[in-house]
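J.: Spelled out, the chains give:
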Amino acid sequence: MGAATATWEGLVGLDSEVARLRRGDPGAFDALLARYQNRLYRYLQRVVREPAVAEDLFQQTWLRVVQNIRGLDPGRNFEAWLFRIAHNLAIDHLRRHRAESLDEPLPSGETTGTLLSSPAPGALERLLDKERDQLLAATLAELPAIQREVLTLRFEEEMKLEEIAEVLGIPLSTAKSRLKRALDGLRLKLDSGSGAGIRP
Amino acid sequence: MNEHEEIRNLLSLAAAGVLEETEEQRVAVHVAHCPDCAAELEGWLALASGLRRLPTPQAPAALVERVRLRATVALAAQVEPQWNQTAVACAVLVAWAVALVSWPAVRWLGEFFVRVEFNWWWVFGSASLAWLCAGLTGIVLAVRQRMERRTA
Chain Y
40 MGAATATWEG LVGLDSEVAR LRRGDPGAFD ALLARYQNRL YRYLQRVVRE
90 PAVAEDLFQQ TWLRVVQNIR GLDPGRNFEA WLFRIAHNLA IDHLRRHRAE
140 SLDEPLPSGE TTGTLLSSPA PGALERLLDK ERDQLLAATL AELPAIQREV
190 LTLRFEEEMK LEEIAEVLGI PLSTAKSRLK RALDGLRLKL DSGSGAGIRP
Chain R
5 MNEHEEIRNL LSLAAAGVLE ETEEQRVAVH VAHCPDCAAE LEGWLALASG
55 LRRLPTPQAP AALVERVRLR ATVALAAQVE PQWNQTAVAC AVLVAWAVAL
105 VSWPAVRWLG EFFVRVEFNW WWVFGSASLA WLCAGLTGIV LAVRQRMERR
155 TA
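Chains as they are written, first to last, in this note's numbering: chain Y, 40 to 239; chain R, 5 to 156.
I should point out that these hints are in silico values taken from the structure, not numbers from a laboratory.
A couple of the hints might just be wrong.
Unchecked claim - Listing some non-contacts, in silico: residues in chain R with all C-beta distances to chain Y over 10 Å:
#1 C38
#2 P61
#3 L97
#4 A103
#5 R111
#6 G129
#7 L133
What the hints assert, rightly or not - Here's a subset of chain R near chain Y, in silico, CB distances under 7 Å, partners left out:
#8 S16
#9 A20
#10 G54
#11 L58
#12 V71
Where is the CB? At the ideal position from N, CA and C, for every residue including glycine.
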């Protein structure tokens, strides 16, 4: 009940902030920035992986928000719109810098595999939660950008499939199959590395 | 594909929480009687849990401040053209009002001091003066706005 009330209040607050920003209120921008700064930065860093690029895209995203907020349909989900802007900028960047393919896995380095397949006795026991998180993050970073993106939207941003489809501009069925392929790819990498992966 | 394989194919999405209700029920019924799939689902759930608790990189404070400042300037730049339009409209109205009032005022004053002959040249001259004032106001505002954008 408390959580539901907090969520409802959060949504009302968000609507109010978006309406105020539409009228050009800098205070509303500050509130929205505070609300989404870490989530948006995390999303961009997961997709482009380089902190400097993520910072640049973070700035561009917010400036586009300011430029285009008056064109935002009042019935549209602000959060999905915000991440859609960031998605477009990130994809444009990745297309311009073809060092990383959008669709094909990167040539993976040895780090994760080596760490995961350590033959030392008791290696699994020594994998503390933090270490496992780091390994998982490293393995996630080896996935293609579009798979990293769908995973971060679902599990870190906790978006529903419909919202993910809206952010990515793809049909619901495509979002679902992309999520499945991403999970399968991640699991495959983890299993091929250690045989135990992230399993408990 | 038999039922077991079909359900196994759904386990990753079940752990991600994106299955439809009917699919979720099918998975739940099958997993309750299939230890292999139950173990597999455990693995997927652990992976999903790991993804949910990945550390969140924090946006650097300097970056956030930079964005805030640039956005404030951009917002002001959006609001200013509206204000400028209002200012120009007011300047035109004031100029017209002054022009309109000046005609009878000059005629009235002329009764007491110097006789001024009222004609259409007077109307044309004062109207041109009013438009000139409004135009100059607009140019000054536009130049100022351009200079502010350059320095922002």
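J.: Holds or violated: is there a CB of chain Y closer than 7 Å to the CB of L58(R)?
T.: holds, 5 Å
J.: Min Cβ distance, S16(R) to chain Y: is it shorter than 7 Å?
T.: holds, 4 Å
J.: Please settle this one: C38(R) was flagged as non-interface, so is its CB more than 10 Å from every CB on chain Y?
T.: Per Cβ check, C38(R) is outside 10 Å of chain Y; nearest 18 Å; holds.
J.: Just double-check L133(R) for me: nearest Cβ-Cβ distance to chain Y has to come out over 10 Å.
T.: holds, 35 Å
J.: Regarding the assertion that G129(R) does not contact chain Y, is the least Cβ-Cβ distance greater than 10 Å?
T.: holds, 41 Å
J.: May I ask you to check that R111(R) keeps its beta-carbon over 10 Å from the closest beta-carbon of chain Y?
T.: The claim holds: R111(R) sits with its nearest Cβ about 47 Å from chain Y, beyond 10 Å.
J.: Tell me if A20(R) is really an interface residue toward chain Y, meaning its C-beta lies closer than 7 Å to one of theirs.
T.: It holds, given that the least Cβ distance between A20(R) and chain Y is near 6 Å, below 7 Å.
J.: Checking the smallest CB distance to chain Y, is A103(R) really beyond 10 Å?
T.: Its Cβ never comes within 10 Å of chain Y, the nearest being 34 Å, so this holds.
J.: Over 10 Å to the closest beta carbon of chain Y is the bar; see if P61(R) clears it.
T.: Violated, since 5 Å does not exceed 10 Å.
J.: Verify that the Cβ of L97(R) lies farther than 10 Å from every Cβ atom of chain Y, and report whether the claim holds or is violated.
T.: holds, 25 Å
J.: Can G54(R) be said to touch chain Y, with a Cβ gap under 7 Å?
T.: With a minimum Cβ separation of about 5 Å from chain Y (threshold 7 Å), the hint on G54(R) holds.
J.: Closer than 7 Å between Cβ atoms is the bar; does V71(R) clear it against chain Y? Give me holds or violated.
T.: holds, 5 Å
The structure does not agree with numbered hint 2 stated previously, though it agrees with all others.
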